[in-house]
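*Asks:* Listed below are the residues making up each chain.
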Amino acid sequence: MNGFEWDWAFTWEVLPMILSAAKVTLLATLLGSLFAIFMGLVFALLRRHKSRTLRTTVYWVVEFIRSTPLLVQIFFLYYVMPEFGVSMSPLATGVFALGLHYGAYLSEVFRSGIDGIEKGQWEAARALNLSLADTYKDIVLPQAIRPMIPATGNYIIAMFKETPQLSAITLLEMLQIAKIIGSENFRYLEPFTLVGILYLVFSIVAAYGIHQVERRFPKEGFSLK
Amino acid sequence: MSAPIIEFKNVKKCFGETIIFSDFNFKVEENEIVSIIGPSGSGKSTLLRILMTLENIDGGYINVAGESLWHMPWQGQYVPANNKHLHKMRNHLGMVFQHFNLFPHMTVKRNITEAPMRVKGVPRAEAEAFAEKLLQLVGLEDKADSYPNDLSGGQKQRVGIARALAMKPSILLLDEITSALDPELVDEVLDVIRNLVKEESFTMLLVTHEMYFAREISDRVCFFDKGAIVEEGEPEVIFTQPKEERTKAFLNAYLGQ
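Heads up: the protein sequence lines correspond to chains A and B, in order. Residue 225, in the working numbering, is where the first sequence stops; the numbers in between run on with no holes. Residue 257, in the working numbering, is where the second sequence stops; the numbers in between run on with no holes.
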């Protein structure tokens, strides 16, 4: 029953490998969040477009993405898309899938943030003849960001915790590496425990960071001098 | 007489089932100051909001400075205006709001320079110099770097006026600009308007509940009720010898005579 006795020597031996895999996990999360924020904004703005057809289409696209499992999307992008001539590396696929999936969730956060801006702000912008693009860029988004921070942060942390799903398409992230180490050494306790602890630590640090960002963000929004 | 700068012809406006204007006609001459008084819900603010293109119309025509506001010529006929036309037309107009609608994340100075810089492409230095002049005009030259939330209601509204003036509109729309203010702050805002019309000529359309101010500043006062002008004329006449019963009832209730 050697699996139930903690082996410190083994722990120190495998830690560097797991830490270097953590870089892949963090990179996928970072790029995935940037892409998700971008896609979320695109979805949210398109859902406010004056064309009804476009709004409805985007609504159903978002609904579709949110209502199908991430893993199915990952598989589809990785194994099916090459048949249509689009093949991407595991990392690129992962970033794309995470970005798209969480972009769909974030679009709801952004939409409600934008909806929360008082009508008077839009009216003042129009009375001053600002273009729609300037109204979003200078008036609406700078004020909408603060209320969006907590929910956006939660989704990014949720995304981070879903990165092990990318092991299904052979991305060498933390869990995948831990599994490989385990099967090579017939010891799973230490690698999987380390992975769990690292997820816990990163999540707590990220949650604290997000809270700090929110707390320090000016209440009125991004301030413009 | 030259053509009126604002003209409403058979304008119709509804909010769902509620009809605000069924067949509304109205003219304002250039450099005329017109006060609109009347009970709430009579369509006073809607009139200004339609001119500022914050509300569209359901029928009729409006001309501003010789061009149709909500329509544009296209292949020999008039069609609903596109964004480009509305953008051009809005340059004639400026509006000050009841609830100020200042941008809370911008300094006072930036509130004033934002539109000239973004819309007209005025260089920052020039826009800021003009903003300082406007702040002097409204007596807030020391507040350029403050944020709106650090100002009193009266100060906010004076910034609102400066912000509207920064775009150099030829027509100024004042929508109950003192209604949201504590009584002791009303005069500092009205004084700004008093000084403004003393120094420059403006076409000004104001919806107000400040009867004394309307009487003092206007060339013409219109009493509005249920989407129509019940009575209009020189302020002295409207306030001292109103003909219509509804005007009399309204003024009595308001002025407590």
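Just so you know, the hints here were simulated from the structure itself, not pulled from any lab data. Just so you know, not all the hints are guaranteed correct.
[Claimed, not checked] Think about it this way: if two alpha-carbon atoms lie no more than 16 angstroms apart in a straight line, the pair counts; the simulated EDC-like pairs of lysine to aspartate or glutamate are:
| hint | chain 1 | residue 1 | chain 2 | residue 2 |
| --- | --- | --- | --- | --- |
| 1 | B | Lys226 | B | Glu7 |
| 2 | A | Lys219 | A | Asp134 |
| 3 | B | Lys248 | B | Asp225 |
| 4 | A | Lys225 | B | Glu128 |
| 5 | B | Lys133 | B | Asp145 |
| 6 | A | Lys219 | B | Asp23 |
| 7 | A | Lys225 | B | Glu132 |
| 8 | B | Lys120 | A | Glu118 |
| 9 | B | Lys27 | B | Glu7 |
| 10 | B | Lys243 | B | Glu216 |
| 11 | B | Lys12 | B | Asp23 |
| 12 | B | Lys226 | B | Glu200 |
| 13 | A | Lys225 | B | Asp23 |
| 14 | B | Lys248 | B | Glu236 |
| 15 | A | Lys225 | B | Glu7 |
| 16 | B | Lys243 | B | Glu231 |
| 17 | A | Lys119 | B | Glu55 |
| 18 | B | Lys198 | B | Asp225 |
| 19 | B | Lys9 | B | Glu67 |
| 20 | B | Lys12 | B | Asp58 |
| 21 | B | Lys27 | B | Glu67 |
*Asks:* Hint by hint, say whether it matches the structure.
*Replies:* Status of each hint after checking the structure:
| no. | hint | verdict |
| --- | --- | --- |
| 1 | B:Lys226 - B:Glu7 | violated, 19 angstroms |
| 2 | A:Lys219 - A:Asp134 | violated, 21 angstroms |
| 3 | B:Lys248 - B:Asp225 | holds, 12 angstroms |
| 4 | A:Lys225 - B:Glu128 | holds, 11 angstroms |
| 5 | B:Lys133 - B:Asp145 | holds, 14 angstroms |
| 6 | A:Lys219 - B:Asp23 | violated, 46 angstroms |
| 7 | A:Lys225 - B:Glu132 | holds, 14 angstroms |
| 8 | B:Lys120 - A:Glu118 | violated, 25 angstroms |
| 9 | B:Lys27 - B:Glu7 | holds, 4 angstroms |
| 10 | B:Lys243 - B:Glu216 | violated, 20 angstroms |
| 11 | B:Lys12 - B:Asp23 | holds, 6 angstroms |
| 12 | B:Lys226 - B:Glu200 | violated, 34 angstroms |
| 13 | A:Lys225 - B:Asp23 | violated, 46 angstroms |
| 14 | B:Lys248 - B:Glu236 | holds, 14 angstroms |
| 15 | A:Lys225 - B:Glu7 | violated, 39 angstroms |
| 16 | B:Lys243 - B:Glu231 | holds, 8 angstroms |
| 17 | A:Lys119 - B:Glu55 | holds, 13 angstroms |
| 18 | B:Lys198 - B:Asp225 | violated, 30 angstroms |
| 19 | B:Lys9 - B:Glu67 | holds, 13 angstroms |
| 20 | B:Lys12 - B:Asp58 | holds, 5 angstroms |
| 21 | B:Lys27 - B:Glu67 | holds, 14 angstroms |
The structure does not agree with the numbered hints 1, 2, 6, 8, 10, 12, 13, 15 and 18 stated previously, though it agrees with the rest.
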